[in-house]
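Student: Sequences listed follow chains A and B, in order.
Heads up: the first sequence begins at 1 in the numbering used here, then just goes up one per residue.
Heads up: the second sequence begins at 296 in the numbering used here, then just goes up one per residue.
No lab work stands behind these hints: they were computed from the structure.
There could be a bad hint or two in this list.
What the hints assert, rightly or not - Now the in silico label distances, taken between C-beta atoms and shown as ranges:
id, chain 1, residue 1, chain 2, residue 2, range
1, A, L279, B, D466, 28 to 38 Å
2, A, A117, B, L565, 27 to 37 Å
3, A, V280, B, A546, 56 to 66 Å
4, B, G444, A, A117, 25 to 35 Å
5, B, I660, A, V227, 50 to 60 Å
6, A, R224, B, Q578, 42 to 52 Å
7, B, R426, A, R118, 23 to 33 Å
8, A, P179, B, R632, 39 to 49 Å
9, B, F545, A, R276, 55 to 65 Å
Note that the Cβ used here is the ideal one computed from N, Cα and C, for glycine as well.
Below are the chains, spelled out letter by letter.
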Amino acid sequence: MLSNLLFDYTLRTVALGSGIMGVVSGVLGAFAVLRRQSLLGDAMSHAALPGIVLAFIITGSKEPLVLMIGAAVAGWIGALFVMAIISTTRIKQDGALGLILATFFGFGLVLLTWVQARPDAAQAGLDRYLFGQAATLLERDVAAMAAIGGAALLVLALFWKECAILSFDPDFARSMGLPVHLLSVLLTSLLVAAISIGLQAVGVVLMSALIVAPAVAARQWTDRLGVMVVLSGVFGAVAGVGGVVLSGAAARLPTGPVIVVCISALALISLLFAPRRGLVWNWFRVNRPVARQGA
Amino acid sequence: MELFTEIILIAIVTAVACALPGVFLVLRRMAMISDAITHTVLLGIVLAFFVVRDITSPVLVVAAAGAGVATVVLTELLSRSNRVREDAAIGLVFPLLFSIAVILIAQYAGRIHLDVDAVLLGELAFAPLDRFEFAGNDLGPRSLWLMSGILMVSLALLITFYKELKLATFDAALAAAFGFAPAALHYGLMSVVSLTAVGAFNAVGSVLVVALMVAPPAAAYLLTDRLPHMLALSALFGALAAILGCWVAFALNASIAGAMAVMTGLIFCLAWMFAPQRGLLAQVVWRVRQRWEFAQAMLAVHLLHHQATVQAVVECQAAHLSEHLNWPPAFTEQVVRRAEQRGLLVQQNGMLTLTDQGRRFVATILGGDEL
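With the sequences and hints as input, model every part of the structure.
Tutor: Shown next, in the form of structure tokens:
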């Protein structure tokens, strides 16, 4: 299995792509979860679908970079809509998210089926963005993912301190004179970039797991932001590569769902067994004194 | 019945059946739970299929509804452990359960006639092909019967528990004090949502179920403050979206489910823009009116303050107002003209004087005692 990873070219490309996706979505997901925006990732990844199809309709190309940009723009518009609905109506975050998620996705579906009904076959393969097909990742896909992901991580590193303050105490950030609104838009944009990277591998439906689960897992092991973000990225990468290797090892194992199961397993193990915060340790801590009294 | 009529009928019944429980989801701020439930019912269906080995068995519907409720319970357990916030708990649970279902389907692809694409996206155009036959008679499409049954059940429950639901939604603490068992109502509602999701996703796909559950109630919420009106409006919007969606989908030869979702979104946008009291347009109009109202109030108070004092000659002169009040001259002119038209003040030789009506206006602002 591991030797395949080293020597099999296709598998290596796919694993590299999934690994990059895992790192980027893990790192940016950490901020999303801390800022209570776990489900925004879900909404934005669904909202990206019309962007992908529209990018194809407008440019006629299936170049990964073009489609990723389309996905990012649509996801971003979806996020703007969510924020606008929350701030101008009495509908709360959950309602706005569900609304945008489902209607944008429906719009994407209309476009997709409309394109598919046309006689030319150029559109073939667009529907892999629904569930993702990591196995179809090519070298140029991975290059595009690395470029967008690297840029996103670089921007995050540049604004690290500001983003950290914003995530923990937005009021304090405002009182320090930081441009809170701009920073918030920046973080959301970076999250959109992370999502647009992952869509090709795991698809719009399962993308949210890659935003939420690594961050939840990492949160259990540490109280420090830096450590949490790095751990989250590592967990994401491990799940990405592990999912690819596992699904390559057995027949009929779809990669996207296997990656999701891997990252969820990491989150579950962390929730149960992480030192201090783990539920199992907690259970022992609560029950031990009682047992001693009984003895 | 004609094929087209049947499709529209299924769409309408499904939309109304989704809109009713959706109202309570939106009001109770649980809209995203519907997203989770619609995905995880697939796991219930797959697991039940392994037991009964029959894709048309009613056991599948029950198991799927059970999976929906299990999702809610798991999410609540996670968020109650204080390790994960509620939104993260939702985002953690449903992709996992859905992934397990997809993997199971892929593993036993040969033996399950379940297409994940169809589950997620639905294909309403094929729904009439699955007929419900009884004693050799064709009674119409199976999904029409299924959705009508689910609609009847949820209507009956809604009517029976209307008072309890209403109170538990708007004042959970009071409902608990009355002994209404909010927990039972909560899980009852979740069961209805799951059941509706199972019935609906067969015909229209799970993502559209979210659109039908959230968007029509959200639009209705902007238009009314009364629960009965909100329920009726939601059902109406759902049905409208169903009809328009079918029509557009046939014209474009595109996904019916997707087109219906787009229509619910458009209906929401219309409500968002033009709702009489809460719409964006109404908010803009209100803000503009507030601006003039406030400016007139400023002017009137200023005049009252300086009238009949030594500085009146300077302070109450129309030509000098803009520097005293720090307004641009054009704006000052406008305010004076509006106040004059309203009868708040009169202008004589460039001097402004409050009328009796103007004094009363100031009195209402200042509280009345100072005159």
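Student: Hint by hint, note whether the structure agrees.
Tutor: Here's how the hints hold up against the structure:
1. A:L279 x B:D466: 28 to 38 Å: holds, 33 Å
2. A:A117 x B:L565: 27 to 37 Å: holds, 28 Å
3. A:V280 x B:A546: 56 to 66 Å: holds, 58 Å
4. B:G444 x A:A117: 25 to 35 Å: holds, 33 Å
5. B:I660 x A:V227: 50 to 60 Å: holds, 58 Å
6. A:R224 x B:Q578: 42 to 52 Å: Cβ of A:R224 to Cβ of B:Q578: about 43 Å, so the range 42 to 52 Å holds.
7. B:R426 x A:R118: 23 to 33 Å: holds, 32 Å
8. A:P179 x B:R632: 39 to 49 Å: holds, 40 Å
9. B:F545 x A:R276: 55 to 65 Å: For B:F545 and A:R276 the Cβ distance comes to about 60 Å; the hint holds.
Violated hints: none; the structure is consistent with every hint.
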